[in-house]
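From just these sequences and the hints, can you work out the full model?
In order, the protein sequence lines correspond to chains A and B. Taken in order, the first sequence gives residues 1 to 334; the numbers are from UniProt numbering. Taken in order, the second sequence gives residues 1 to 513; the numbers are from UniProt numbering.
Among the hints, erroneous ones may be present.
Taking lysine to aspartate or glutamate pairs in the EDC-like style, the calculated list, with each CA pair at most 20 Å apart, reads [unchecked claim]:
#1 K22/A <-> D170/B
#2 K14/B <-> E180/A
#3 K15/A <-> E35/B
#4 K10/B <-> D106/A
#5 K209/A <-> D80/B
#6 K66/B <-> D93/A
#7 K10/B <-> D100/A
#8 K157/B <-> D26/A
#9 K450/B <-> D59/A
#10 K10/B <-> D103/A
#11 K450/B <-> E54/A
#12 K66/B <-> D258/A
#13 K15/A <-> D80/B
#14 K42/A <-> D170/B
#15 K209/A <-> E41/B
#16 K71/B <-> D93/A
#17 K10/B <-> D184/A
#18 K450/B <-> E56/A
#19 K213/A <-> E43/B
#20 K209/A <-> E60/A
#21 K157/B <-> D18/A
#22 K209/A <-> E35/B
#23 K66/B <-> D100/A
#24 K10/B <-> D59/A
#25 K73/B <-> D93/A
#26 K450/B <-> E43/B
#27 K450/B <-> D52/A
#28 K157/B <-> D100/A
Now the stretches of chain B that chain A is said to cover, found in silico as 3 or more residues with beta-carbon under 8 Å [claimed, not checked]:
#29 16 to 27
#30 106 to 118
What the hints contain is simulated information worked out from the structure, not anything from laboratory work. Nothing here was measured: the structure is a model prediction, and the numbers come from that model. Just so it is clear, CB atoms sit at the ideal spot from N, CA and C, and this is done for glycine as well.
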Amino acid sequence: MQYELRTQVIDPPRKTFDHLVKRYGDRPASRYEEGTIDIQAKENFHYRPLWDPEHEIYDEAFSAFRLTDPYSFTDPRQYYYAPYVTSRAAMADAVAATLDYLDSRDLLSRLPDAWSSVMGELLVPLRHYESGAQMVSCDIARFGFGTTITQCAAYAAFDRIGNAQALSRVGIALGGGTAELLGDAKTRWVEDASLQGLRRLVEELFLEKDWGKALVRLDVADRLVYSLFFAHLDDAAIDGGAGSYSLVAQHLSSWFADHRKWVDALYKAWVADPETGAANKGLLASSTAEALDAALEALRPVAARVDELVGAGAGASLESTATTIRETVAALTD
Amino acid sequence: MTIAPKAPRKLTMKQRYEALTRDLDWEPSYVETSEVFPYTEFEGIKIHDWSKWEDPFRLTVDAYTKYQAEKDKRLYAVLDGFAQSQGHLSLTEASYLNAMKLFLQGVTPLEYQAHRNFAYLARHLNGPGPRFAALCQSIDEMRHTQTEIHTLSNYNKYYGGFHNYLEQHDRVWYLSVPKSFFDDALTAGPFEFLIAIGFSFEYLLTNLLFVPFMSGASFNGDLPTMTFGFSAQSDESRHMTLGLEAIKFLLEQDEANVPIVQAWIDKWFWRGYRVTALVAQMLDYMLPRKVMSWKEAFELYFEEQMLGGLFQDLAFYGITPPKHVEHAIAEKEVLSHQVYWTLYQFSHAAAFTTTFPDAEAQSWLSDNYPGTFDKLYKPLWDKEARNLEAGGRHFVRGLPQLCQVCQIPMLFTEPDDPTTICQRHSEYRGEKFQTCSDGCQWIFEREPEKYVQAWLPVHQIYQGNCGGPTVPDVLAWYGIQEGDGGEYKGSLDAAHWARWHDAADHSHIGSEA
Chain A
1 MQYELRTQVI
11 DPPRKTFDHL
21 VKRYGDRPAS
31 RYEEGTIDIQ
41 AKENFHYRPL
51 WDPEHEIYDE
61 AFSAFRLTDP
71 YSFTDPRQYY
81 YAPYVTSRAA
91 MADAVAATLD
101 YLDSRDLLSR
111 LPDAWSSVMG
121 ELLVPLRHYE
131 SGAQMVSCDI
141 ARFGFGTTIT
151 QCAAYAAFDR
161 IGNAQALSRV
171 GIALGGGTAE
181 LLGDAKTRWV
191 EDASLQGLRR
201 LVEELFLEKD
211 WGKALVRLDV
221 ADRLVYSLFF
231 AHLDDAAIDG
241 GAGSYSLVAQ
251 HLSSWFADHR
261 KWVDALYKAW
271 VADPETGAAN
281 KGLLASSTAE
291 ALDAALEALR
301 PVAARVDELV
311 GAGAGASLES
321 TATTIRETVA
331 ALTD
Chain B
1 MTIAPKAPRK
11 LTMKQRYEAL
21 TRDLDWEPSY
31 VETSEVFPYT
41 EFEGIKIHDW
51 SKWEDPFRLT
61 VDAYTKYQAE
71 KDKRLYAVLD
81 GFAQSQGHLS
91 LTEASYLNAM
101 KLFLQGVTPL
111 EYQAHRNFAY
121 LARHLNGPGP
131 RFAALCQSID
141 EMRHTQTEIH
151 TLSNYNKYYG
161 GFHNYLEQHD
171 RVWYLSVPKS
181 FFDDALTAGP
191 FEFLIAIGFS
201 FEYLLTNLLF
211 VPFMSGASFN
221 GDLPTMTFGF
231 SAQSDESRHM
241 TLGLEAIKFL
251 LEQDEANVPI
261 VQAWIDKWFW
271 RGYRVTALVA
281 QMLDYMLPRK
291 VMSWKEAFEL
301 YFEEQMLGGL
311 FQDLAFYGIT
321 PPKHVEHAIA
331 EKEVLSHQVY
341 WTLYQFSHAA
351 AFTTTFPDAE
361 AQSWLSDNYP
371 GTFDKLYKPL
381 WDKEARNLEA
391 GGRHFVRGLP
401 QLCQVCQIPM
411 LFTEPDDPTT
421 ICQRHSEYRG
431 EKFQTCSDGC
441 QWIFEREPEK
451 YVQAWLPVHQ
461 IYQGNCGGPT
471 VPDVLAWYGI
481 QEGDGGEYKG
491 SLDAAHWARW
501 HDAADHSHIG
511 SEA
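This is the structure in structure tokens:
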């Protein structure tokens, strides 16, 4: 049984906005759709940018990757601002719970020395990699074409600074509540031979003007970095008695799984486009191959250093991730 | 096993924030810094030490997401409850929604533009402190875009004028006023954008541009918009402190920055002030229940708080009140009347309605504008009253000439003579250009190569770029439907409003097991 509450019902003359009716038919639209689809201005821009008079304010020519209709891509997570921050608030709570636990049991200082070195020498410096990834993502958020894409990139940029801050908090905890270890980690990022390839990769990525290529280049590097540090080493750490490494790694690995959903969906939209699909396929294949060569070169010294410290088969894992990337891109673009 | 550190020096809040944000930066060595940040030189601004930037707020990503998620939960609960209970019927009057139509068509797309360009600053400013502050603002602006759309989406289901706001923002004549304003800022360099939007729009003029809509909502039973306004308040106060820090930082970095910043303040004050013309008429004519007059708002929020407060502080750096501010002050008695009188006559080509101010409204106008209303504007309405009696509501069938800079029809009068239309002419590359005021003319002549590019809606209609040569052709191209514009009395909105209220009187709430 349930009670029957009578309320006034007025049949609304309209279900949603015109641009959504045109696209999806006369049906109520979701909040994701109302807040995302067609929002980027389309025409009659008044002036050209002083800093780039060759382009309009929003211009598909900012990338060689094209979609006939940029809104053929939508975020499979359907993130608009409210669900995005809600999801990230929950992630932040989980990270905080882990850090509190590590702190209360003094777990980081009980790490085996070699794993403590992996964290201090290699993991914590990745906060600079994340910070670089934030800048690259901001460029995509500004110069990308179509709100469905740029919205994902803007949230990704915010995620990356969040990741950088989470790694920094690990560094502070590892440094006994001080910023000393963060200082060391920065020196390592700038000076350690094992990290210079990765730093160079990030710096060169800052100069990539084509946002689509920048996205692919960053994604390829991300897949290698995340697979090595937050999947492969997660397992190895548990085997090596460094469970607290794994407690940290789980958060970044689950963030990355969430993040890759939109990147993968965008690749699929690129190659499936009835008009631009063929060109996009070629570009995706060549950009990925190039990016993979560069990223492998950058990361092999990192993996080698990991293996020196903990002998975890990091080098082999890196090559195997590269093979997976080659195979997935081949499956998409063949 | 690692040995526990000896007596660690715990970080203060400030050190911790710096370690978590600014310290993430490093000096590139594999590529040139000037290649990484290619846009921060050409404007002539000199920054010697980016580390001198004082973080205007210290919010880490985890704190931000938790706080914002909580606020959104509350806001969306209000939106859902309002929609479910047919809350729109408790507005003062359906005509109130004209203010919100103007807001969705004119302001919401600007929030989005701000989102995109703060992402540009979050990438392209050299300092990590300002980059992170810009990133927070960028995603805040996305929040405002979306919460505004979601707030007003429910009204769109029942009332005209909202349904095609995005396309209209790109096409319709009066909306090229806010669009060209923001396009102007987006196409400027990063520092000018900071002064244009971060400082002038978000700080100097926010109480005249943004807040009047929220106050109007609270006076007219628009609970969702009012709740949105309160919910955006803490974001806006962060944006205001960012704007203020930006200007102080630029001024403190190098004395040579002072004249550049002064010129931007001069330009963006006038540019933004001209956009407030639309707000002025909204406050004085569109709200069924008034909040305050434009004149009172201008005196309080601009003359007292900005000229009397902010600019006293900025004088320390050698900054003076904006050029042409005296013309804005002189206009406060006439601005809203002139603008509404024009919109009244052109609303058949707009996506909002207008109507004749009734006796009560006119007496309010007369009380609030004792020096001008009875003398200058009441006679116009008296004449219109006679037209109405004769069954002839007045609409202008021609097209107005627009100012080359602000794109408002040439309706403003000479600063010292409210009966003579002000027209300024400039020549550039052998062509003549019209502007509406000394302020707009000065802006034009500073950067004529920019303003000659403007997409002027009336020119475009004449050139055949707007759907066809006749008014119905153009309205179809605007996506304006029956009931969107014209006269409010007898409109579709007014008819629906009456019918739904009639039905509401007979409704009852019962509960049955």
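Holds or violated: K450/B with E43/B, Cα cutoff 20 Å? 15 Å, holds
Please work out if K450/B and E54/A have their alpha carbons no farther apart than 20 Å. 14 Å, holds
Does the structure keep K213/A and E43/B at a Cα separation of 20 Å or less? Violated. K213/A to E43/B sits at ~29 Å, over the 20 Å cutoff.
Within 20 Å, alpha carbon to alpha carbon, are K209/A and E41/B? Holds, at roughly 18 Å.
Keeping to a limit of 20 Å between CA atoms, is the pair of K15/A and E35/B held or broken? 49 Å, violated
For K209/A and E60/A, compute the direct alpha-carbon distance and say whether it is at most 20 Å. 13 Å, holds
Could you grab the alpha-carbon distance between K42/A and D170/B and see if it respects the 20 Å cut-off? 7 Å, holds
8 Å C-beta criterion, at least three residues: is the segment 106 to 118 of chain B covered by chain A: Since three or more residues must qualify, the claim that chain A covers the segment 106 to 118 of chain B holds, with 6 doing so at under 8 Å.
Holds or violated: K10/B to D184/A, with C-alpha atoms at most 20 Å apart: 17 Å, holds
Quickly compare the C-alpha distance for K10/B and D106/A to 20 Å and report which way the hint goes. Judged against 20 Å, a Cα distance of about 16 Å means the pair holds.
With a cut-off of 20 Å on the C-alpha distance, tell me whether K22/A and D170/B pass. Judged against 20 Å, a Cα distance of about 17 Å means the pair holds.
Given the proposed pairing of K66/B with D93/A, does the C-alpha separation stay at or below 20 Å? Holds, because 8 Å separates the two Cα atoms, which is no more than 20 Å.
Figure legend: structure checked against the earlier numbered hints; hints not met, in rising order: 3, 5, 19, 24 and 28.
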